[in-house]
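J.: Residue-level listing of the chains:
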Amino acid sequence: MVQRPIPVLACALVVSLAAVLPVGAAGQGESSGGPVSLQYAFWGDQNEINATNAYLNSYMAKNPNVKIEALNFGSNTQFNTKVTTLAASNSLPDLGYFYEPNVLTWGMNGQFVDLTDFYKNGPPKLDALKFVTPDGKIVGVSVANEIQVIWYNKKTFDQAGLPYPPAEASKAWNWDQFVGVAKKLTRDAGGKGPDDAGFDPSNIRSFGAWVQNWWMPWITLAISNGGGFVSDDGKTLLLDRPETIEAIQKIADLVNVHHVGPAPGTQQMPTGAATALLSQQVAMAMDGTWDLLTIGLTKEQQGLDFGIGVLPYMKKLADASVGTPIVVYKSSKHVSEALKLLQYVMSPENSLPLLQSGLWLPNEKRWYTDSALIQQWTGNPRHPPEYRTAVVDFALNYSHRLPEYYVPTYSKMDDIVEPALQQVWLGQKTAEDVIKNEIMPKITPIFKGM
Amino acid sequence: MESPVLHRRAHGREALIGYLFASPVILGLVIWVMAPMVGSLLISFTDWNVLTAPRWLGLRNYVNLFTSDLFFGKSLLVTAYYVVLNTAATFVYSLAVALLLNQKVKGQGVFRSIFYLPAIVPIVASSALWLWLFNPDFGLYNQILLGVGLKKSLWLAGPSTVVPSLVIMSVWGGAGNTIVIFLAALQGVPRPLLEAVEIDGGNWWHKFWAVTWPMISPVTFFNIVVGLINSFQIFVQSYVMTSGGPNNGSLFYVYLMYREGFERNNMGHAAALSWILFLMVSALGLILFRWSREWVHYEGAAG
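The listed protein sequences correspond, in order, to chains A and B.
Sequence positions in the first sequence follow the numbering used here and run -10 to 439.
Sequence positions in the second sequence follow the numbering used here and run -10 to 292.
Here chain A stands alone, though its shape is the one from the complex (with noise of 0.2 Å):
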């Protein structure tokens, strides 16, 4: 008789196995007229949270049936992972923020619900907010607005015996005016400006004008150029039209020819507009709304005399629109309570904390006509008086439609155009070199791959 030790490896790799195949889809809860709990996913920093955390109990007051659980995803960026993750898992949240570059690609593969209809009862919101998949659906709507606008340091206007930017559409400058202003205000080690003789471009102190590389300004002058990136009916691209290219080369030439911006990089003034301002490294920066609420508490904690002008242009007047959409996700258990809460939390009154701290925008027109409603959520200390023409007239007028709200192979071709358009940003190659050899070839074919 053979003894044989009970194979034990074997068992462990048949229940390891087991354990391994994918499991039942787990049930989200009960629907019933019952209790009703709901998960919302958002992110942000404490000044956010402790807002999201505010809005949603006052929900949860006025809705005793209703459980909302706020998960707090961390940063945009860390929050594709943890959605995918639960997408893998079935446990997708009922409803919440959604990362932007995806938020199309997610919306076309059947993940959220339609919010067309909607969308069509209530106050208007602004279009350029509006993520709308290529069959003319919207699958989001931003929560809240930004813009960018031109921040200052009044001192170093005032010692350099400059007027300030101008805070009005009818006033703004030109580009080449811009550039004039900048160069007066950028001085090397000896105190030199850009157009002085014996000018050192590889010691400047203080720098006249930081416009970033991001994909938001460029867009955006491109536009004022009378180019841009896709066209509004998301058919053509413009990437390649003289006037985009034109736009490109002026912002490139910011900094390697006129000498007024700091070195590009991903990671230029790593500590943000706020303190390049304070301390007094870049007289104006090209930045968003969002900005004003550390800007503001620069002011009032630091003494940053700060002010607000509105973009130059470049041919006509243009700014941009973005803003973290809120979407509702099919796989919901409780679809309609869920949109309920989604008209409560984009209902600008139901956010004014995040509004009045200069954090938010809002995302519904009337905010911006009714003297009563732009009292509401600008008329405090942290707004400067400005802020009526340079933000609330300019975004209403002037805002345009960004192509992560309406192209679903944006986040694609971006890969490739963000880090060609970088050997532009150094001086390297020309803005015509990269876009027509390097960029258009790679990305006609996803963009028509759509």
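Hints are computed from structural coordinates only; laboratory data are not their basis.
Hints are not guaranteed to be accurate.
[As the list claims (entries may be wrong)] Derived coverage of chain B by chain A (criterion: at least 3 residues anywhere in the stretch with Cβ under 8 Å from a Cβ of chain A; other residues may be distant):
#1 34 to 47
#2 135 to 148
[To be verified] Cut-off 25 Å, straight-line C-alpha distance, at most; resulting in silico cross-link-like pairs (DSS-like, lysine-lysine):
#3 A:Lys119 to A:Lys354
#4 A:Lys425 to B:Lys140
#5 A:Lys172 to B:Lys95
#6 B:Lys63 to A:Lys418
#7 A:Lys224 to A:Lys431
#8 A:Lys173 to B:Lys141
We put the beta carbon where it would ideally sit given N, CA and C, even for glycine.
With chain A's structure known, arrange chain B on it following the hints.
T.: Only chain B this time, still in chain A's reference frame:
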């Protein structure tokens, strides 16, 4: 003499107990290492974006990587550059510092702590600091360069300078462990052999080349292998500091894998990338082990 049956039954029971004690580790290995490996291999043969069912593609992902992928080639180049430069730099620096720290001087313990400290600074925190040090306009390093009359460098902002900059940062942070290991090896070098060289009239170089270097060769080999493997895994710096730029100059392999899989939802593609990495590192390991027979001397072994 005991009966053959009893003898075998006792043996079987001993084996069973052995397996039971080892089962947590075996289970862990199977569940969390082998099963996912098999899973990722299967995924690499599909087109899967997590949201819809996977679509079988056979070897197409692998073929695409070598023919139509726009980032694979550049990523390999950039990663290989970093791996070679980082391993070499860390090795030379660590060995030099370990030799110095092995000298009998006052405050030896303090010096050893100082050189080890960077290894325990969290990398995400140090990334923020290094970003400022490397800042082309206002950072400390460019001020130093200007101060000694040299030209500014773009550091992390230049496509050709980004990898050397990251190597500097990595040597600062990673050398600590390697130094400690070298130090331990150096202290195992027998004094009589070193004294013999002295008696024969040799200087510090003869001591190093004839005695120290062969005696520490197993540890040298270990540090090279570990250094190479660790260098291949560089990710945080790309993710936090450079986003793979400028112009894909720091598009390291693991970062590319992460981006394809978790930001672009292209799981099959990312899985194929991971298996190619596995094959490359395995091949490298095999080559290294064969090469090591030429020059690594294990104490007590023949030759």
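J.: Each of the hints needs a verdict: does it hold here or not?
T.: So, going through the hints one by one against the coordinates:
1. 34 to 47: holds (count 4)
2. 135 to 148: It holds, with 8 qualifying residues against the three required.
3. A:Lys119 to A:Lys354: 13 Å, holds
4. A:Lys425 to B:Lys140: 32 Å, violated
5. A:Lys172 to B:Lys95: 56 Å, violated
6. B:Lys63 to A:Lys418: Given pair B:Lys63, A:Lys418 holds - Cα atoms ~19 Å apart, limit 25 Å.
7. A:Lys224 to A:Lys431: 17 Å, holds
8. A:Lys173 to B:Lys141: Distance of about 24 Å is within 25 Å: holds.
In summary, the structure is inconsistent with hints 4 and 5 from the numbered list given earlier, while agreeing with the others.
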